[in-house]
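Protein chains in written order, with this note's numbering: chain A, 1 to 113; chain B, 114 to 227.
Accuracy of the hints is not assured; some may be wrong.
What the hints assert, rightly or not - Derived lysine-lysine pairs resembling DSS-like cross-links, with alpha carbons at most 27 angstroms apart:
hint	chain 1	residue 1	chain 2	residue 2
1	A	Lys-3	B	Lys-167
2	B	Lys-150	A	Lys-3
3	A	Lys-70	A	Lys-3
4	B	Lys-184	B	Lys-169
5	A	Lys-13	A	Lys-82
6	A	Lys-82	A	Lys-62
7	A	Lys-70	B	Lys-184
8	B	Lys-155	A	Lys-82
9	A	Lys-62	B	Lys-155
10	B	Lys-181	B	Lys-155
11	A	Lys-3	A	Lys-69
12	B	Lys-167	B	Lys-150
13	B	Lys-155	A	Lys-13
14	A	Lys-13	A	Lys-62
15	B	Lys-169	B	Lys-181
Claimed, not checked - Not the full set, but computed from the structure, chain A residues with beta-carbon under 10 angstroms of chain B:
hint	residue
16	Pro-8
17	Leu-11
18	Met-15
19	Val-19
20	Tyr-35
21	Gln-37
22	Gly-42
23	Gln-44
24	Asn-55
25	Asp-59
26	Pro-61
27	Gly-63
28	Tyr-64
29	Cys-91
30	Phe-104
31	Leu-111
Rather than coming from a laboratory, the hints here were simulated on the basis of the structure. Note that the Cβ used here is the ideal one computed from N, Cα and C, for glycine as well.
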Amino acid sequence: DMKVTQMPRYLIKRMGENVLLECGQDMSHETMYWYRQDPGLGLQLIYISYDVDSNSEGDIPKGYRVSRKKREHFSLILDSAKTNQTSVYFCASSSGGRGSDYTFGSGTRLLVI
Amino acid sequence: KTQVEQSPQSLVVRQGENCVLQCNYSVTPDNHLRWFKQDTGKGLVSLTVLVDQKDKTSNGRYSATLDKDAKHSTLHITATLLDDTATYICVVGDRGSALGRLHFGAGTQLIVIP
Numbered sequence: 001d002m003k004v005t006q007m008p009r010y011l012i013k014r015m016g017e018n019v020l021l022e023c024g025q026d027m028s029h030e031t032m033y034w035y036r037q038d039p040g041l042g043l044q045l046i047y048i049s050y051d052v053d054s055n056s057e058g059d060i061p062k063g064y065r066v067s068r069k070k071r072e073h074f075s076l077i078l079d080s081a082k083t084n085q086t087s088v089y090f091c092a093s094s095s096g097g098r099g100s101d102y103t104f105g106s107g108t109r110l111l112v113i
Numbered sequence: 114k115t116q117v118e119q120s121p122q123s124l125v126v127r128q129g130e131n132c133v134l135q136c137n138y139s140v141t142p143d144n145h146l147r148w149f150k151q152d153t154g155k156g157l158v159s160l161t162v163l164v165d166q167k168d169k170t171s172n173g174r175y176s177a178t179l180d181k182d183a184k185h186s187t188l189h190i191t192a193t194l195l196d197d198t199a200t201y202i203c204v205v206g207d208r209g210s211a212l213g214r215l216h217f218g219a220g221t222q223l224i225v226i227p
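Construct all of the structure, not just a fragment, from the sequences and the given hints.
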């Protein structure tokens, strides 16, 4: 069963703590994404990765960094979390192109207090 | 500025009724358009992708249209079921490759009542 797996599903952190969100996919997709979803807004792209160690900033990269050392694994790191980073974070993967499937994980709900 | 606008913002229908969701966008170029279904607390699941200047797709009870001249798409759901309760998200891709970006609407929340 092809899927994108995100861990953890729920996370509560204090302001200033470091946060690690993990994402894995079993489809050997080259391209992976991190998005955040806030109420009333469309998903916003944080980072995109085209393959191992080939990452590019999305539309809202400030306060985030990523790591992709294996094709099947893509991590999102928040160094010193802020309360405005409270959100639902989605990881996705794609083989690329308009005919390809985009597969999304179930999301990580992060609360920064 | 929001480049993908969906309407209505929310919609309540009775089971068995049909409904139509609208998507207007200003994304340029508009290589393709996708509709996703998002159940509460879950990820997005692709329903269909439209690519041609004037395109139509059908996937069971879901059918969709795209008019790139009008930059407008519709998603029709026929004979709604309780399980159709979800948020439906319109997404425009600006390129046909992984180098492109996806532009997401905020979604239409559909509630199907018995």
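* Asked: Do the numbers back the hint for Leu-11(A), that is, is its least Cβ distance to chain B under 10 angstroms?
  -> Constraint on Leu-11(A) not satisfied, violated at 15 angstroms.
* To do: For the pair supplied as a hint, Lys-70(A) and Lys-184(B), confirm whether the alpha-carbon distance does not exceed 27 angstroms.
  => Violated, because 39 angstroms separates the two Cα atoms, which is more than 27 angstroms.
* Asked: Are the Cα atoms of Lys-70(A) and Lys-3(A) separated by 27 angstroms or less?
  -> 16 angstroms, holds
* Taking 27 angstroms as the top limit, are the C-alpha atoms of Lys-3(A) and Lys-167(B) close enough? -> 32 angstroms, violated
* Would the pair Lys-62(A) and Lys-155(B) pass a check requiring their Cα atoms to be no farther apart than 27 angstroms? -> Satisfied, since the Cα-Cα distance of roughly 26 angstroms is no more than 27 angstroms.
* Answer holds if the nearest beta-carbon of chain B is closer than 10 angstroms to that of Tyr-35(A); otherwise answer violated. => 8 angstroms, holds
* To do: Compare the distance between the alpha carbons of Lys-155(B) and Lys-82(A) with 27 angstroms, and conclude whether the hinted pair is satisfied.
  => 24 angstroms, holds
* Satisfaction of the Asn-55(A) interface hint, Cβ to chain B closer than 10 angstroms -> 13 angstroms, violated
* Asked: Under the criterion of a CB-CB separation shorter than 10 angstroms, is Tyr-64(A) in contact with chain B as hinted?
  -> Status violated, d = 17 angstroms.
* To do: Would you check the hint for Lys-82(A) and Lys-62(A), treating anything up to 27 angstroms between C-alpha atoms as holding?
  => 11 angstroms, holds
* Supplied contact hint for Pro-61(A), tested at 10 angstroms Cβ to chain B -> 13 angstroms, violated
* **Per-residue hint verdict: Asp-59(A), partner chain B, C-beta under 10 angstroms** => 8 angstroms, holds
Violated hints for the displayed structure, listed by number in ascending order: 1, 7, 10, 16, 17, 18, 19, 24, 26, 27, 28 and 31.
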